[in-house]
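Q: In case you want the letters, here they are:
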Amino acid sequence: MSGSDEQGVRRAVERVARESYGRLVAYLSVHTQDLAGAEDALSEALLKALTVWPRDGVPKNPEAWLLTTARHSLIDFFRHQQVVLAGESELLLLTRNSEESPLESIFSDERLKLLFVCAHPTIDPAMHTPLMLQTVLGLDAVRIGGAFLVSPKTMGQRLVRAKTKIRDGGIRFEVPERRQLPQRLEAVLEAIYAAFGVGWDDMAGADQRGRSLAEEAIWLARVLLQLVPGEAEAQGLLALMLHCEARRAARRDRGGRYVPLSEQDPNLWSLPLIEEAERHLAEASKCGQPGRFQLEAAIQSVHAERVRSGRVEWTAIVGFYEQLNRISPTIGMRTGYAAALAEAKEAERGLAVLDALNPDAVSCYQPYWAVRAHLLESLGRDAEAQHAYDRAIGLAEDPAVREFLLQKRA
Amino acid sequence: MQFALLIYESPEAFAARKNDAADPYTGAWRSYHKALVESGVFVGGDPLQVPETGTTIRIKEGKRSVQDGPYADTKEQLGGLTILELPSLDAALEWAARCPAASYGAVEVRPLDPQTRRRITG
Numbered sequence: 001m002s003g004s005d006e007q008g009v010r011r012a013v014e015r016v017a018r019e020s021y022g023r024l025v026a027y028l029s030v031h032t033q034d035l036a037g038a039e040d041a042l043s044e045a046l047l048k049a050l051t052v053w054p055r056d057g058v059p060k061n062p063e064a065w066l067l068t069t070a071r072h073s074l075i076d077f078f079r080h081q082q083v084v085l086a087g088e089s090e091l092l093l094l095t096r097n098s099e100e101s102p103l104e105s106i107f108s109d110e111r112l113k114l115l116f117v118c119a120h121p122t123i124d125p126a127m128h129t130p131l132m133l134q135t136v137l138g139l140d141a142v143r144i145g146g147a148f149l150v151s152p153k154t155m156g157q158r159l160v161r162a163k164t165k166i167r168d169g170g171i172r173f174e175v176p177e178r179r180q181l182p183q184r185l186e187a188v189l190e191a192i193y194a195a196f197g198v199g200w201d202d203m204a205g206a207d208q209r210g211r212s213l214a215e216e217a218i219w220l221a222r223v224l225l226q227l228v229p230g231e232a233e234a235q236g237l238l239a240l241m242l243h244c245e246a247r248r249a250a251r252r253d254r255g256g257r258y259v260p261l262s263e264q265d266p267n268l269w270s271l272p273l274i275e276e277a278e279r280h281l282a283e284a285s286k287c288g289q290p291g292r293f294q295l296e297a298a299i300q301s302v303h304a305e306r307v308r309s310g311r312v313e314w315t316a317i318v319g320f321y322e323q324l325n326r327i328s329p330t331i332g333m334r335t336g337y338a339a340a341l342a343e344a345k346e347a348e349r350g351l352a353v354l355d356a357l358n359p360d361a362v363s364c365y366q367p368y369w370a371v372r373a374h375l376l377e378s379l380g381r382d383a384e385a386q387h388a389y390d391r392a393i394g395l396a397e398d399p400a401v402r403e404f405l406l407q408k409r410a
Numbered sequence: 001m002q003f004a005l006l007i008y009e010s011p012e013a014f015a016a017r018k019n020d021a022a023d024p025y026t027g028a029w030r031s032y033h034k035a036l037v038e039s040g041v042f043v044g045g046d047p048l049q050v051p052e053t054g055t056t057i058r059i060k061e062g063k064r065s066v067q068d069g070p071y072a073d074t075k076e077q078l079g080g081l082t083i084l085e086l087p088s089l090d091a092a093l094e095w096a097a098r099c100p101a102a103s104y105g106a107v108e109v110r111p112l113d114p115q116t117r118r119r120i121t122g
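Line by line, the protein sequences give chains A and B.
The opening position of the first sequence corresponds to residue 1 in this note's numbering, with each subsequent residue numbered one higher.
The opening position of the second sequence corresponds to residue 1 in this note's numbering, with each subsequent residue numbered one higher.
It is worth saying that the hints were derived from the structure and are not from the lab.
Since the model is a prediction, treat every value here as computed from it, not as a measurement.
Take the hints with a grain of salt, since some may be wrong.
What the hints assert, rightly or not - Computed far set for chain B versus chain A, every beta-carbon distance over 10 Å:
hint, residue
1, A15
2, R17
3, D20
4, P24
5, L36
6, L48
7, V50
8, P51
9, I59
10, V66
11, D73
12, R98
13, L112
14, Q115
15, T116
What the hints assert, rightly or not - Here are the simulated distance ranges between beta carbons:
hint, chain 1, residue 1, chain 2, residue 2, range
16, B, Y71, A, E348, 43 to 51 Å
17, A, R161, B, E61, 48 to 56 Å
18, B, R58, A, V52, 51 to 59 Å
19, A, R381, B, T56, 35 to 43 Å
20, A, V142, B, K60, 52 to 60 Å
21, B, A22, A, T330, 31 to 39 Å
22, B, Y71, A, A361, 50 to 58 Å
23, A, N267, B, T56, 53 to 61 Å
24, A, T154, B, A22, 52 to 60 Å
25, B, E94, A, S43, 26 to 34 Å
26, A, S309, B, G44, 52 to 60 Å
27, B, K18, A, R349, 40 to 48 Å
28, B, E52, A, T330, 45 to 53 Å
Glycine included, C-beta positions come from ideal geometry on N, C-alpha and C.
This is chain A alone, in the form it adopts within the complex (with noise of 0.2 Å):
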């Protein structure tokens, strides 16, 4: 086989892989309730391909050809364990039926209930999106490492120890009852959510190749969408990152520096990302159940006004912060705030919102002494705005904002 072909059928493992992981390893782990053995089999399964598919040619349908290998790699590992599962006569069955039937009526989504047991409250929460992004997107414990800020030996052994737990402490692969739902969704988003602001953060960083995190994100949420349609907190949350992408190409001017929103040229945003993210957070508020990520995203809508409007209404963004802060009082949400009301001429009242927060919390919170500095500038407290730009600067990650911020202080 020539070599063209070889990376043929390597895009082709790697296309089947990553469209499918999260759907074959959440219908193989629901079935074993065993997270790791079923990414392992999946794995064996995608190193087989490697081998198989260019010397058979690429399987009509690969998704099933993954699936039926990783479920034959399963049931061999129960058979030498000896381990009479429930799960074994099910895998059994399934095995039989998929041979014949077509995919959809032998494979049912059950992302979902993946998605909830990641973000399960006996998880640590900190937990929750490194085992999203390796579990549903298969992402590795290097990538993840890497955006958290954690060596990739200790985030495998984390990932690892999570996995153990989800089996050993009998996490049950389902969708919460009714009444559990909004809250178990929340941990859900938030994870999302965050994942997605690692990748924002990470927008200069150095991982260009294949998609941002924040895409993967996107994604993850477009995934949640699909099983809970008709949720107005998912559709918010997709609705406030698509506001946030919409603004990608201008965060940055042509020589790399940092711009912030309120000098980005509106006429680089993606106008239909924007478009997008309306639809999303119009058909949130019919549901009638506002909430956090609903808040933020009208936020962003407001900014995205300037397209048509040249301008801000900074009063309206100050009043959905107000009910922002009535249900998640967080000190993101707080700065936010702050941030705000200067817009709207009121830095004194922002001031003292920066100065109510608890200093202990706030002394590594970056984001609190850019928008302090910018605040005692406004009032013309130089010499205190000048120590507040300096722990912004100093406790700056990313070089384009901390020069920046060393040209606002100068």
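Put chain B on the given structure of chain A with help from the hints.
A: Just chain B now, with coordinates in the frame of chain A:
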């Protein structure tokens, strides 16, 4: 726990040291240092002079060998070190990511070894 941040810098970064506080790299370092001190995590540390000022000594089979220049012949060279008191490696990695040198060179995070220190100094 104490961690050392070992700062590796490119020849360009070493050259930028001659510039005054208006230089973005130097300015970023000033702010970073203030943030470390004000957060109460700074223990000690200092910049090192340029690698060419190093002299490396080995004694092998009783013979002294003295070599001009730094220990390792690499593009990026050890430019200084900072010692921090922090609760965990995760926190140390966070501070390392904020270090201006991380954007232009590399920062290695290593825990200090108090057990060996006690054996040596005890």
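Q: If I claimed the Cβ atoms of A:T154 and B:A22 lie 52 to 60 Å apart, would that claim hold in this structure?
A: violated, 39 Å
Q: Using Cβ atoms and 10 Å as the threshold, tell me whether B:D73 really stays out of contact range of chain A.
A: holds, 25 Å
Q: Check the following: the C-beta atoms of B:R58 and A:V52 are separated by a distance inside 51 to 59 Å.
A: At 55 Å between Cβs, range holds.
Q: Just to be sure I understand the hint, the distance between the Cβ atoms of B:E94 and A:S43 should be within 26 to 34 Å; is that true here?
A: holds, 31 Å
Q: For B:E52 and A:T330, compare the CB-CB distance with the range 45 to 53 Å and indicate the outcome.
A: Check passed, 50 Å falls within 45 to 53 Å.
Q: Would the non-interface assignment of B:Q115 survive a Cβ cutoff of 10 Å against chain A?
A: The claim holds: B:Q115 sits with its nearest Cβ about 22 Å from chain A, beyond 10 Å.
Q: Is 48 to 56 Å right for how far apart the beta carbons of A:R161 and B:E61 are?
A: holds, 49 Å
Q: The output says B:L112 does not contact chain A. Does that hold with a beta carbon cutoff of 10 Å?
A: holds, 18 Å
Q: Just want to verify: B:R17 was marked as not at the interface with chain A; is every Cβ pair farther apart than 10 Å?
A: About 17 Å separates B:R17 from the closest Cβ of chain A, which puts it past 10 Å; holds.
Q: Take a quick look at B:L48 and tell me if its Cβ sits farther than 10 Å from every Cβ on chain A, holds or violated.
A: holds, 21 Å
Q: In terms of Cβ atoms, is chain A entirely out of 10 Å range of B:P24?
A: violated, 5 Å
Q: Was B:P51 rightly flagged as not at the interface, with every chain A Cβ beyond 10 Å?
A: holds, 23 Å
Checked against the numbered hints above, the structure violates hints 4, 5, 12, 16, 19, 20, 22, 24; every other hint is satisfied.
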